[in-house]
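Undergrad: So you can see what is in the structure, the chains are spelled out below.
Protein chains: 4
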Amino acid sequence: MKRGKIRTKLAKVEADSIVVRGHDLAELIGTVSLGDMAFLELTGRLPSPGESAVFNALAVTLVEHGLTPSAIATRMTLLGAPESLQGAVAAGLLGLGSRFGGPVEDVARMLQSGEDAPRIVASYAERKAPIPGLGHPQHTEVDPRVSRLFAVASANGIRGAHTELMEAVAQEAERALSRRLPINATGAMGAIASDLGLRWQVCRGLAVMARAIGLVAHVQEELDDPVAPEIWRRVEDEARGL
Amino acid sequence: MKRGKIRTKLAKVEADSIVVRGHDLAELIGTVSLGDMAFLELTGRLPSPGESAVFNALAVTLVEHGLTPSAIATRMTLLGAPESLQGAVAAGLLGLGSRFGGPVEDVARMLQSGEDAPRIVASYAERKAPIPGLGHPQHTEVDPRVSRLFAVASANGIRGAHTELMEAVAQEAERALSRRLPINATGAMGAIASDLGLRWQVCRGLAVMARAIGLVAHVQEELDDPVAPEIWRRVEDEARGL
Amino acid sequence: MKRGKIRTKLAKVEADSIVVRGHDLAELIGTVSLGDMAFLELTGRLPSPGESAVFNALAVTLVEHGLTPSAIATRMTLLGAPESLQGAVAAGLLGLGSRFGGPVEDVARMLQSGEDAPRIVASYAERKAPIPGLGHPQHTEVDPRVSRLFAVASANGIRGAHTELMEAVAQEAERALSRRLPINATGAMGAIASDLGLRWQVCRGLAVMARAIGLVAHVQEELDDPVAPEIWRRVEDEARGL
Amino acid sequence: MKRGKIRTKLAKVEADSIVVRGHDLAELIGTVSLGDMAFLELTGRLPSPGESAVFNALAVTLVEHGLTPSAIATRMTLLGAPESLQGAVAAGLLGLGSRFGGPVEDVARMLQSGEDAPRIVASYAERKAPIPGLGHPQHTEVDPRVSRLFAVASANGIRGAHTELMEAVAQEAERALSRRLPINATGAMGAIASDLGLRWQVCRGLAVMARAIGLVAHVQEELDDPVAPEIWRRVEDEARGL
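Chains as they are written, first to last, in the numbering used here: chain A, 1 to 242; chain B, 1 to 242; chain C, 1 to 242; chain D, 1 to 242.
Everything labelled a hint here was simulated from the structure, so no lab data went into it.
Note that the structure is a prediction, hence the values are computed from the model and not measured.
Watch out, some of these pointers could steer you wrong.
[Stated by the list, open to error] Over 10 Å on every C-beta distance to chain C, these chain B residues come out as not near it, computed from the model: (1) His23; (2) Pro118; (3) Ala125; (4) Glu126; (5) Val142; (6) Ala161; (7) Arg175; (8) Trp200.
[What the hints assert, rightly or not] Below 27 Å or equal to it, Euclidean Cα-Cα: the simulated DSS-like pairs (lysine-lysine) are: (9) C:Lys5 x A:Lys5; (10) C:Lys128 x B:Lys128; (11) D:Lys5 x B:Lys5; (12) C:Lys5 x A:Lys12; (13) B:Lys12 x D:Lys5; (14) A:Lys5 x C:Lys12; (15) A:Lys128 x D:Lys128; (16) B:Lys5 x D:Lys12.
Built from N, CA and C at the ideal position, the CB exists for glycine as well.
With the sequences and hints as input, model every part of the structure.
TA: This is the structure:
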């Protein structure tokens with residue numbers, strides 16, 4: 001059996017230095033922002049100013065959405081293990097699966113598949129599956145994040161082939177299915193992430209890294225002003241028939 | 001029993017808008033960086049330019065340290081569940097406890113305790129406990145991250161009472177214990193985070209949010225160029241006596 | 001630096017056999033129960049019939065307590081990642097920390113400390129800390145699990161020095177604090193686990209292994225008859241002021 | 001929008017009693033084993049003696065497989081967070097995904113699909129996908145667990161339609177693909193779990209609940225006789241080119 005070498009291109013750790021993706025960490029400290037560091041980690045190079053603006057915009061979109069199921073899971077976990085911030089955040093992140101977090105990945109995968117819009121729409125229609133990135137259960141009229149994300153991308157010169165394909169898919173789907181199917185926030189993020197050169201396999205990771213920030217904030221708030229005990233009490237009372 | 005209200009100050013989610021900490025998310029997108037968004041989440045306000053530079057510097061320091069136990073746990077988890085990026089990242093974050101991640105919290109807690117340097121040093125000496133933030137197992141001579149972090153803080157006007165206390169603790173400890181005990185990276189981070197106004201309870205969260213980024217990058221690399229199967233094979237072969 | 005060997009006494013894995021703690025797994029299959037297998041894993045030997053009865057009784061006590069914070073976290077996580085049963089169970093287990101799960105460990109640690117009852121009570125009184133295993137927020141009168149656990153232990157000859165110490169601690173505490181402080185379920189479990197020879201460091205593990213079973217059942221029920229969407233909706237509606 | 005009730009059939013929690021699946025917990029304590037409690041949780045009724053023997057045999061098979069990727073992840077996590085047994089176990093469980101743990105689910109899903117053997121084999125052949133439960137990378141000749149599991153099931157009267165279908169699938173696959181494709185341990189477990197009436201959706205849960213036990217034992221051993229520091233050192237040394 002072939003034996004592999006154990007190695008990483010992400011960092012070179014020496015006794016007195018750490019080099020991350022070819023950059024001395026001591027030099028990165030104070031010169032690059034957290035978002036640019038994330039771009040460096042994922043792509044192997046620092047972003048251009050335009051790429052930086054758009055990548056940070058994408059990540060910012062995903063940080064905080066209120067008392068989501070992830071935030072509730074984080075707060076419930078903290079109730080039992082208040083000493084373990086990392087456990088509470090990890091519990092919340094575990095909900096970023098196929099329904100939350102996964103959809104951005106689904107959009108990027110579709111747009112990076114090499115298929116054109118008619119074939120994409122036909123393929124989903126055949127399987128009677130909804131096309132990722134189109135329509136929205138709540139924001140039926142207009143989601144202001146979508147126009148904002150596309151405006152930021154355009155203003156920074158990032159609008160590219162994947163965004164055009166997403167738009168073509170939306171038009172083709174509206175034509176084929178005869179109903180309004182606007183690009184939603186997930187669709188915008190998957191298209192723009194693809195235009196930034198991010199591979200679909202890590203697009204779910206955008207949600208994970210951004211939401212980790214938000215969940216730390218939920219831990220802080222729960223420590224000060226807890227809601228988990230009240231949620232638990234109501235759930236248990238109702239389950240008991242009280 | 002007193003019944004609580006369920007509420008959060010972090011976000012107000014409406015059908016067509018999300019307001020995060022008083023700021024319309026659509027306006028934050030494209031105007032604030034991911035690091036500044038994290039500062040907003042934790043403190044309730046956007047940072048000044050100096051605060052932004054220093055907060056981002058702190059977070060950047062914690063993103064990537066190579067094949068740490070956390071990164072190994074993430075990669076081992078991906079081997080069994082390659083479909084679950086979020087599970088692999090969560091597994092890695094779970095190691096940011098009292099030995100990794102926790103120490104920054106310990107430093108901040110010590111510096112925010114209201115005690116002065118002699119009392120702090122005496123209290124640790126009494127319990128024969130090592131003082132958090134001093135000394136370093138590997139970088140015995142000099143850790144370039146420390147001077148860099150303090151330089152960035154000073155240049156941005158963030159050097160304050162907690163950094164001064166950390167320095168006083170180091171001097172007092174060297175005097176009392178008669179050996180070199182330089183401030184290490186953990187000590188610098190805990191002091192600077194405290195000078196930024198972050199509460200000790202969330203200082204471990206800095207490591208969690210930063211490392212979440214690094215672990216997504218480890219997932220990406222493991223998908224391309226896996227090392228977990230080789231680590232497993234070697235561990236199992238040795239355990240079998242092969 | 002001393003280099004260690006990588007090895008485990010838990011299993012010897014060969015191409016055509018697995019030996020667990022000295023027992024051929026193929027022979028264990030069909031001859032030992034799951035609870036006895038757990039005893040073997042933790043202690044290195046199969047239990048006597050009496051030990052088996054008592055160990056299984058302890059574990060059974062911890063499997064299912066309804067819609068606890070752990071169960072809610074599991075169900076919330078499944079809502080976002082329905083494809084990941086293991087992630088949902090892991091999220092629930094993460095709440096078995098210092099408040100849930102940890103207390104059995106605290107009792108066992110106290111009883112295995114080598115101190116006698118007066119010293120134990122004095123030490124908690126000095127720190128104004130509640131004594132683990134005494135009193136109960138809900139079952140103020142009587143918790144039928146307590147008498148049942150002690151009866152099962154006695155009937156199987158497991159009643160020993162730790163249970164006697166727990167009773168002495170309860171008497172001493174009631175005398176010193178002049179109020180009713182009955183041994184609660186946590187106290188009974190920590191005492192009996194100690195009399196079984198389990199080390200305090202893994203007593204939290206009893207809750208973890210037992211509750212993993214219960215959380216799998218919560219996943220199954222949530223897939224059939226979900227409550228997480230309704231909990232989420234109510235939480236979000238109230239947070240919005242609806 | 002339809003509003004749901006919050007309820008569970010798993011437990012009824014009152015101030016002085018807990019009823020689990022219709023059985024008073026105080027009565028279950030000391031009368032049922034942990035494995036039978038798991039069967040009760042998953043199916044809603046206590047097992048017959050034969051069902052008990054077979055269900056426990058299945059679970060016992062999955063408890064301990066040595067230094068697997070899950071065990072390594074658990075030990076690596078404990079290195080950073082030694083205070084959090086539950087976090088270390090959760091990290092290990094997160095690897096029970098599509099490659100480990102998932103395959104038993106895949107077998108059960110296939111056998112519960114309502115298709116017959118020729119159609120099952122044809123469907124996998126068409127997709128050029130390997131048939132779950134057949135063949136084995138390591139135990140090429142014979143896996144003693146397989147014959148043992150089938151013998152225990154037969155001896156207890158559990159051999160049923162799913163086991164027969166699994167055998168028919170194996171014969172059909174060997175004929176169609178012209179090579180030896182024996183039923184492996186995963187195949188035996190998926191077939192027997194199906195004959196026990198377990199739904200495919202929770203068959204991964206069998207691995208999760210059983211392995212939680214094994215991972216607690218790995219935590220205990222790692223606390224006494226750690227291997228994680230040595231694994232880390234070797235990985236990091238090699239990555240540095242030392």
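Undergrad: Against each hint, give a clear statement of whether it holds in the structure.
TA: Hint-by-hint comparison with the structure:
1. His23: 17 Å, holds
2. Pro118: 25 Å, holds
3. Ala125: B:Ala125 is indeed farther than 10 Å from all Cβ atoms of chain C, at 21 Å.
4. Glu126: 16 Å, holds
5. Val142: Correct as stated: the minimum Cβ-Cβ distance to chain C is 21 Å, above 10 Å.
6. Ala161: The assertion about B:Ala161 holds, with a minimum of 30 Å to chain C.
7. Arg175: Holds: least Cβ distance 30 Å, greater than 10 Å.
8. Trp200: 18 Å, holds
9. C:Lys5 x A:Lys5: The hint holds at about 20 Å.
10. C:Lys128 x B:Lys128: 24 Å, holds
11. D:Lys5 x B:Lys5: 20 Å, holds
12. C:Lys5 x A:Lys12: 26 Å, holds
13. B:Lys12 x D:Lys5: 26 Å, holds
14. A:Lys5 x C:Lys12: Holds - the C-alpha atoms of C:Lys12 and A:Lys5 are around 26 Å apart, at most 27 Å.
15. A:Lys128 x D:Lys128: 24 Å, holds
16. B:Lys5 x D:Lys12: 26 Å, holds
Taken one by one, the earlier hints all hold for this structure without exception.
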